[in-house]
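Trainee: One letter stands for each residue in the lines below.
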Amino acid sequence: MILNINARILSKKEVAPDVFLISLLAPLIAQQAIPGQFIHIKCSKDNYPLLRRPLSIHRMDKDKGEIFILFQVVGEGTKLLAQRAVGDDLNIIGPIGNGFNIYPKSQKIMIVGGGIGVAPLIALAEKSVAEDKEVRVLIGASKREMVIGEELFKSLGANVDISTEDGSYKYKGLVTDLLKEVIQVWPPDQIFTCGPKAILRKIADIASSISINCQVSLEERMGCGIGACLGCVCKIKIKEKEKNNKVEYNYKRVCVDGPVFKASEVIWDD
Amino acid sequence: MILNINARILSKKEVAPDVFLISLLAPLIAQQAIPGQFIHIKCSKDNYPLLRRPLSIHRMDKDKGEIFILFQVVGEGTKLLAQRAVGDDLNIIGPIGNGFNIYPKSQKIMIVGGGIGVAPLIALAEKSVAEDKEVRVLIGASKREMVIGEELFKSLGANVDISTEDGSYKYKGLVTDLLKEVIQVWPPDQIFTCGPKAILRKIADIASSISINCQVSLEERMGCGIGACLGCVCKIKIKEKEKNNKVEYNYKRVCVDGPVFKASEVIWDD
Amino acid sequence: MIKKPQLEVEVGRIRMKNPVMTASGTFGYGEEFSPFIDLDKLGAMVLKGITLKPKMGNPPPRIIETPSGMLNAIGLQNVGLEVLVEEKLPYLNKFTTPIIINISGDTIEEYIELARRLDEVSQDKKIAGLEINISCPNVKQGGMAWGTDPQSTYQVVNEIRKVTSLPLITKLSPNVTDIRVIAQAAEEAGADVISLINTVVGMAIDINSRQPKLANIKGGLSGPAVKPVALWLVWQVFQTVNIPIIGMGGIMDAQDAIEFMIAGARVISIGTANLVNPQATIDIIEGIEKYLIDNKVKDINELVGSLKV
Amino acid sequence: MIKKPQLEVEVGRIRMKNPVMTASGTFGYGEEFSPFIDLDKLGAMVLKGITLKPKMGNPPPRIIETPSGMLNAIGLQNVGLEVLVEEKLPYLNKFTTPIIINISGDTIEEYIELARRLDEVSQDKKIAGLEINISCPNVKQGGMAWGTDPQSTYQVVNEIRKVTSLPLITKLSPNVTDIRVIAQAAEEAGADVISLINTVVGMAIDINSRQPKLANIKGGLSGPAVKPVALWLVWQVFQTVNIPIIGMGGIMDAQDAIEFMIAGARVISIGTANLVNPQATIDIIEGIEKYLIDNKVKDINELVGSLKV
Ligand SMILES: Cc1cc2nc3c(=O)[nH]c(=O)nc-3n(C[C@H](O)[C@H](O)[C@H](O)COP(=O)(O)OP(=O)(O)OC[C@H]3O[C@@H](n4cnc5c(N)ncnc54)[C@H](O)[C@@H]3O)c2cc1C
Ligand SMILES: Cc1cc2nc3c(=O)[nH]c(=O)nc-3n(C[C@H](O)[C@H](O)[C@H](O)COP(=O)(O)OP(=O)(O)OC[C@H]3O[C@@H](n4cnc5c(N)ncnc54)[C@H](O)[C@@H]3O)c2cc1C
Ligand SMILES: Cc1cc2nc3c(=O)[nH]c(=O)nc-3n(C[C@H](O)[C@H](O)[C@H](O)COP(=O)(O)O)c2cc1C
Ligand SMILES: Cc1cc2nc3c(=O)[nH]c(=O)nc-3n(C[C@H](O)[C@H](O)[C@H](O)COP(=O)(O)O)c2cc1C
Ligand code: FES
Ligand code: FES
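Protein chains in written order, with the working numbering: chain A, 1 to 270; chain B, 1 to 270; chain C, 1 to 309; chain D, 1 to 309.
Errors might be hidden in some of the hints.
[Said to hold, decoys possible] Calculated lysine to aspartate or glutamate pairs in the EDC-like style (CA-CA distance at most 20 Å, straight line):
1. A/45 / B/46
2. B/45 / A/269
3. C/125 / C/113
4. A/79 / B/46
5. D/308 / A/46
6. A/252 / C/31
7. D/55 / B/46
8. B/79 / A/46
Please keep in mind that the hints were generated in silico from the structure rather than gathered at the bench. In this text, all values refer to a predicted model and were calculated from it rather than measured experimentally.
The task is simple: from the sequences and hints, build the whole structure.
Mentor: Below you can see the structure in the form of C-alpha cells.
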C-alpha cells in the first residue's frame, strides 16, 4: 500500500562532496519497502519548485522504522532537500515501484553501481546477503572522493571492486571495463545495476552477450510518481511482436511499471 | 546616491507576535539615510517570490554603520525575510524616497503611528529630538501585544500616548479619536503619520480642518522601487489646475516622488 | 452550531456533491488515486483523454518543470475506448461520483464514433457526460487545431450533439486570439458546459545540448504559472455565454479555486496539483467549505461570477 | 590566453556591442538605472512606451505579483513625445548605446505622427530605431488590438514605413492564435526586426473583497512564468520570417538568454528582471560571454537559431 505521509528527518550527513545521506522516520514505509523502490519527495514547503523529486530508498531499517535516502545535489530540488533541517517533516509518497527481483535459484549476484546509482544497491546487497547469496559489487566513480558505499558494501560481507575514471583510486577506467574483466573469472547468475544511462546500456550489452539476466533501474522525469500522468515512460519491447525484423515497443511507466526493468527488454535508442 | 548592496544580517528579534526587528550592516546607506526613506529587499535567494519588498528604514546608526528594519509578517516575502539567518547577506537597494520634511521653524512635532506604521517614525522622532523639537507620539494598535515602540519613543524623551482598539491598554478606541483629543490641548506645528490608509485619511482630514501641515507616508505595490516602472503610483493633486471645481491630479510614484506626501495633496478616493 | 454551507452544484444536468473535479490527464483512471483519497468525496472525475484506438503517445522526456509550472507532451497515450469501457469503467462504477469521459479525435468521424459508442455504453455503464477535447497541444493532427477556429469548433460539437444525449462539455484552448467567439460557437452548437483552460503551448531548451528539453519539442504549460491567464479567460467566457463553466489552470489550493468561482466558474478542476499533492482535491473541498463558513456564504452557487467590477 | 568571443550583433542596421537590450517599460528612460550600471555597456536601450501626448495611465494598484511572474497594468503612463525629446533624449545622447523609441498610438494617425516627428528629431538627437508597440494589453483603444490581426498589423507598419527611414521593430503580442501570420504581415509591410513577446493577458482576484486585484481588472503577465510560452513563439517566428528577432519574456539570467538565442533570437531584451535586479543586464552580458568561452563559440551569431530538432 502506497502512502502519503509526513516523515520526520532524523539525521542528515554529507557523505561525499554534495552527496547527502538523510534518514527519515517512516515505519509503515520501512516495513513494506523492497530494494529498488523509491519515494517521491516534496522538497520545498511551497509550490517552488513545483514537482516532487524521486529518490531511491537507499536502505530501510524495519526495526527502527527508518528509511534512508542518499542523493547528490544537482539542481533546485535536491539543493533545497539538502538544506532541510533535522527535526523537520518531509512530505513523501512511497514506497513506489516494482523493485529488484532476486531469483531464488540465483547464487552469484553481481551488483554494479555508477556514481550516485549505488543508492538503491545497498538495500539490494543487504537483501542478497540475507538470502545467502554470494555478492560481488563493482562501484564506478569519476574520482576517489565520489566513491560512495565502499565500506557499507564491505561491512555486509560483499566483495567490492572499484573503478575511477581518473584512476585516482583502484582500477582506472570505466566500471563497464572492470565488469568485463570480472565476469571472465566470476560469471554471475544475475546482474543488477543503477547509474547513468550510458553505463546501463553498456552493461545491458555485456549481459546480453553472455545471456545473463540483468536488471536495470531506470530514471525518467516524473510528474505524479503514482502511474497517473504517463509522464515518465520508457520504451519497452513487446515480445510477441518482434516480427518482420522490426522491434515493437510500448511506453511503460518508470514509476509504477519500473523503475527496474529487464535490461533485455529496454530499448536504448533515445 | 542609491545603492544596490549585499548587507550582512547582524541581529534578528521577534519584538511582538509576528513582528521582527532586523539590523543590517550597511554603512553607506546608514550614512545617507533620512527618516521616512526605505529599502527595497530581495527576500528570497531565488526568483520565488519574484519581486522585492519595500520596508522603511526603522532606525539608522551612522556610527556603527547599521540600519534597522521593523516589519510584520503578512505574506510570502515577509515570511521568508523573518526566516533569514543572522550572518546571511541580504540584497537591498536604498536608501530610497524623499523622507519626512521637518520644517526648521516647527517647534511642536506630533507623530502618529498606526500598527506597524510606527516603523519609520522612530527615526523621525530621533531626528526631531536631535533638532530640539518638542515631540509627542500617539501609537495606535489593535491590542496590547501589538503596541510597538512605546519604550523606544519614551527613551528618546518623547511624550507617548497609546490607544488600543479593544481597550486592552491605555486609551480605548482609534488613534484618530485620541489625536482629536490631544490636539485640543497640544496643537502641533506639524503632524507626521504612517499606518493603514483609512487612518491616514482621517488624520489628513483632522489636520486639514485645523490647517496644520501633515505629512503621510504612503504604501503602494511596487515593482522596481527606483522610479522606472511606474507601478507604484498614487493620485496627487495638481494645484494650479483646481479650476472648475474639479480637482485635477497626476499619478506620482510612491517610491521616488514619495513615500512621504503632504496630506493635503493626496487624493484619497481609491 | 454552524450550519454547513450548501456545496452542491449542477452543470449541464450533471449533479455534483461539491464543485471540485479532476482535470483530464492528471488523475489517470481514478484508481491510481484511491490509496490517497476517497473517490466518493469528489464532485466529479474526468478521466485521461481517450481516443478510439489505443494511442502510444510521444517519446520521452514528456515532462519538464518550468518556473511555477510544467510542460507536458504526453501525446494522449491511452488505452483506447474498448479497454476503457471493459477494464476501467467497471471499477469506477462502484463509486457514486459522476464519471466524465474526455474524448479526442484526429478526424471528425473519430469524435462522432467515440461519442456514439459512449452513448450506447452509458446504458449500462454510468457515464455522466463527455468532455470534448479540442484543445490538446500535443498531438499532430486534430487536437488543438479544432479548438482554435470557431467554425471547426461548431462543427465538432454540433456533429457530436447529433449522436448523443449525454451532457456535453467543450474544453477550450487558451491559445487563441479571442476565446469568446470559440465559446460562443460551442454554445450555439449545443454544448451544455464550457471547460477551460487546456494547457498553453510552450517549450524549453537545454543550452548544453542545444536541443529541446521535450522530445516533442513543444508541450503544454500548466500549473500556477498559467493561473492569471486562465482566470482572465474564465471571466471573459463568463461574460459571453449562458451555459455553466468549469474553470481550471493552476489551481493549487482553495484560495485559487475560489478566485475561479468568483470569476464565473461554477465548478473547478484540479490538474497539475494532483501530481504535486494527491490529496489536493480533498484539501480544496475542505478549504472551500471553510471559506464559505468564514464568509457566511450559505450556498456555493452565490459565489459564481460574483466579481465586483 | 583565451580569446574573447565576438559579441557584436546587428539587427535592422542597428549595431550593438552585445545582444542584450532593455525591454520597454521596465527600464524607465534609462537614467533611473545609472546608479547601478554603466549604460554604455548595454547592447541597446528601449525606453518606456511613448505616445503623442502625455498619458496619465491607469489607477493603482497597477502591479500584482503572481507565481513566478507579475501582472502590470501601467496603462502607458508617459511624458509624451515632446518631453521625451526635450528632456530625456539629451541625457541619453551622452552614451554610445543605441536608443530605441517604443511608440504607441490610439489611431493610425497617431502612430504616423509619432514616427514622422521622431524621424525629424533623429537628425540631431541620436535615435537608432523605433519599436512599434501593437501589443499593449493595458490600454482601451489601440495597443493590442492592432497586433492581433494581420491586416491591421500590415497597415500600421506599412504606413509608418512610409514616413521614416529609421529601422523599424514591430513588437508582437503573444495573445494570438497564430503568431506566424502576424509576423509575416509585419515583415511584408517593411519591418526590419520583429520583437516578441509583449505581456500575456491575465488577471488576479482578491477573494476577500471579491474585486480584481488590479484596478484595471486585467493586466499583462511577465516574468519567468511566461518564459516557456515566449520561447515557443520566438521559435515559431524564427521559422517563418527572414528578418532578425529580438526575443524576450521571462529572461532572468544568462541561461534564459541563451535559450532564446538558440531558439532564434539575435538579440534578447530584459524586462521584469530589471525590476528584481537592476544589474541584471550586465550580469547577463557577462554570463553570455562566459558561456561562449566555456562552449568554445567564437561568435555569438553562431548561436542564433541553432536549435537541434
Ligand atoms: C526512480 C528514481 C530514483 C532515483 N534515485 C536517486 C537517488 O537515490 N539518488 C539521487 O541522487 N538521485 C536519484 N534519482 C535522480 C533524482 O531524481 C534527480 O537527481 C533529481 O530529481 C534532481 O532534481 P533537482 O531539482 O535537484 O534537479 P533539476 O535538474 O533542477 O530538476 C529539474 C527536473 O528534472 C528532474 N530530473 C533531474 N534529473 C533527473 C534524473 N536523473 N532522473 C529523473 N528526473 C530528473 C527533476 O525531478 C525535476 O523535475 C532518481 C531518479 C529516479 C527516476
Ligand atoms: C514605502 C513602504 C514602506 C514600508 N515599510 C514597512 C515597514 O517598515 N514595515 C512593514 O511591516 N511593512 C512595511 N511596508 C509594507 C510592506 O512592504 C508589505 O507588508 C510587504 O511588501 C508584504 O510582502 P509579503 O510578501 O509578506 O506579502 P504579500 O501579500 O504576499 O505580498 C504580495 C505583494 O503585495 C505587495 N504588498 C503587500 N502588502 C503591501 C503593502 N502594504 N504595501 C505595499 N505593497 C504591499 C508585496 O510587496 C508583494 O509584491 C512598507 C510599504 C511601503 C510601500
Ligand atoms: C500531464 C498532463 C496530461 C494532460 N492530459 C490531458 C488530456 O488527456 N486531455 C485534456 O483535455 N487535457 C489534458 N491535460 C490538461 C489538463 O486537463 C488541464 O486542462 C491543464 O493542465 C490546466 O490545469 P492545471 O494547471 O490545473 O493542470 C493534461 C495536463 C497535464 C499536466
Ligand atoms: C511594468 C511593465 C511595463 C511595461 N511597459 C511596456 C511598454 O510601455 N511598451 C511595451 O511595448 N512593452 C511594455 N512592457 C512589456 C515588456 O517590454 C516585455 O515585453 C514583457 O514584460 C515581457 O518580458 P519580461 O518577462 O522580461 O518582462 C512592460 C512590462 C512591464 C513589466
Ligand atoms: S510519473 Fe506520472 S505516471 Fe509515472
Ligand atoms: S516601483 Fe517602479 S516606479 Fe515605483
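Trainee: Measure nothing beyond the straight line between the CA atoms of residue 45 of chain A and residue 46 of chain B; if it is 20 Å or shorter, mark the hint as holding.
Mentor: holds (14 Å)
Trainee: Given the hint that residue 79 of chain B pairs with residue 46 of chain A, does the C-alpha gap stay at or below 20 Å?
Mentor: holds (12 Å)
Trainee: Within 20 Å, alpha carbon to alpha carbon, are residue 79 of chain A and residue 46 of chain B?
Mentor: Holds - the C-alpha atoms of residue 46 of chain B and residue 79 of chain A are around 12 Å apart, at most 20 Å.
Trainee: Given the hint that residue 125 of chain C pairs with residue 113 of chain C, test it: the Cα-Cα distance must not exceed 20 Å.
Mentor: Given that 20 Å is the threshold and the Cα spacing comes to 17 Å, the pair holds.
Trainee: Within 20 Å, alpha carbon to alpha carbon, are residue 252 of chain A and residue 31 of chain C?
Mentor: Status holds; Cα separation ~17 Å.
Trainee: Taken at face value, is the distance from the CA of residue 46 of chain B to the CA of residue 55 of chain D at most 20 Å?
Mentor: Cα-Cα ~35 Å, so violated.
Trainee: Holds or violated: residue 45 of chain B with residue 269 of chain A, Cα cutoff 20 Å?
Mentor: violated (39 Å)
Trainee: Holds or violated: residue 308 of chain D and residue 46 of chain A, Cα atoms, limit 20 Å.
Mentor: violated (35 Å)
In terms of the numbered hints stated before, the structure departs from hints 2, 5 and 7, listed from lowest to highest.
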